[in-house]
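**Student:** Each chain is listed here by its residues.
2 protein chains.
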Amino acid sequence: MNTPAKRRTDPERAQSRRNQVLQAAAVCFARSGFHGASMSEISKQAGMSAGHIYNYFDSKDAIIMAFVDLQSEHVMTQLSELDSKDDPLQSMIDEAPRHIDESLDPHFFELPMEMCAEAARNPRIAEAMRAADVEAMARFRPIIKRERERRGLAADDALLDGRINTLVSLFHGLPVRALHVPGMHRDALVEGYRVALKALLLT
Amino acid sequence: MNTPAKRRTDPERAQSRRNQVLQAAAVCFARSGFHGASMSEISKQAGMSAGHIYNYFDSKDAIIMAFVDLQSEHVMTQLSELDSKDDPLQSMIDEAPRHIDESLDPHFFELPMEMCAEAARNPRIAEAMRAADVEAMARFRPIIKRERERRGLAADDALLDGRINTLVSLFHGLPVRALHVPGMHRDALVEGYRVALKALLLT
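So the sequences go chain by chain: R and W. If you're matching positions, the first sequence starts at 1 in UniProt numbering and goes up one per residue. If you're matching positions, the second sequence starts at 1 in UniProt numbering and goes up one per residue.
Pulled out of the complex, with its shape left as it was, chain R reads as follows (with noise of 0.2 Å):
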């Protein structure tokens, strides 16, 4: 039988415990704010006593950091499967719909746009999304790099930085456009996405 003690030791239990509290978390800051969102209405959600919680998570921060952190590993997931097509410029373009859809869904884009409310005021969940996108763009940049020089398109690093840099905006933008005009035709979405992208990428 597990002594408490060894549950907290074994490593796929701690992971689970950690995972019920971090979908637990994110119910609670998508309904009141990561502010307005207690440790004790975090636990109440994940039907965990508040002291269990604090052996996975110190403090609400850390919770926060959690999250940046699985942000930060889906970007880097994504940027390897790019690395790995045949010619990642255009499949950054042909693959406009389903990154369109991905940052429509709510699901998706509620929680970064608290993060980001919350990295606004809070320097230290600011400074982990900045080292997190530090270590994206220097996936990122090798990449775009690369292929525009196959190209024979200018290169250099400042016009990598702004290209790459209102590329990414265009991206981080849509959640909140979305907010905005809910019933976006989508169709017409991919056109213009795909006109921004291919003269960001390719000319």
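It is possible that some hints are incorrect.
The list treats identical chains as interchangeable, and a pair is accepted whether it falls inside one copy or across any two copies.
[What the hints assert, rightly or not] Straight-line alpha carbon distances no greater than 30 Å define the calculated DSS-like cross-link-like pairs of lysine-lysine that follow:
no., residue 1, residue 2
1, Lys145, Lys85
2, Lys44, Lys198
3, Lys198, Lys145
4, Lys198, Lys85
5, Lys60, Lys198
6, Lys60, Lys44
7, Lys60, Lys145
Simulated from the structure, these hints should not be mistaken for laboratory data.
Take the given structure of chain R and dock chain W to it, following the hints.
**Tutor:** Showing chain W alone in chain R's frame:
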């Protein structure tokens, strides 16, 4: 001498008091989040009694609604200016640096980010933001349509929808990008934005 009753009905004084509350609320929302900031925190920041604040705003929702209205007035003014230009499409491209600088100013974006996070969970605020957007689009869209037709470019409804929503996403996303990359190379960003705007507006 003003009596309290007279004070409440003096429109100029009422407006100045409303602004005092809004400025205090902006500080409190930035510091504590919309859910974390209480009416009593806002009244303390404004140097007014909580009871006095309720003369102007009957809830925090009413305060955030007033921010939606202010934002909307700002957008409508910008659209009138745009409409008065000789060449509105070219001027949007030329004026990218000004819009970028505005979007990169934390005082400009912290509150909208908080409003969006709140709108994602508060249907009344989402509804107000959507209504303001419908009004803005009713002003923006005919300008783009007229100018594209003048240049002999396609201007059917679906295309206009997609191009405009892509373009607006670009600017919605910039503050989020700036949060991730505080030291963005501004001139490189201007180049990227111009490339995207030119493709969206002039092709």
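**Student:** Each hint: holds or not?
**Tutor:** Comparing the hints with the structure gives:
no., hint, result
1, Lys145 / Lys85, "within (15 Å within a copy, 38 Å between copies)"
2, Lys44 / Lys198, "neither (48 Å within a copy, 52 Å between copies)"
3, Lys198 / Lys145, "both (15 Å within a copy, 22 Å between copies)"
4, Lys198 / Lys85, "both (17 Å within a copy, 28 Å between copies)"
5, Lys60 / Lys198, "neither (41 Å within a copy, 44 Å between copies)"
6, Lys60 / Lys44, "both (14 Å within a copy, 26 Å between copies)"
7, Lys60 / Lys145, "neither (39 Å within a copy, 48 Å between copies)"
Checked against the numbered hints above, the structure breaks hints 2, 5, 7 and satisfies the rest.
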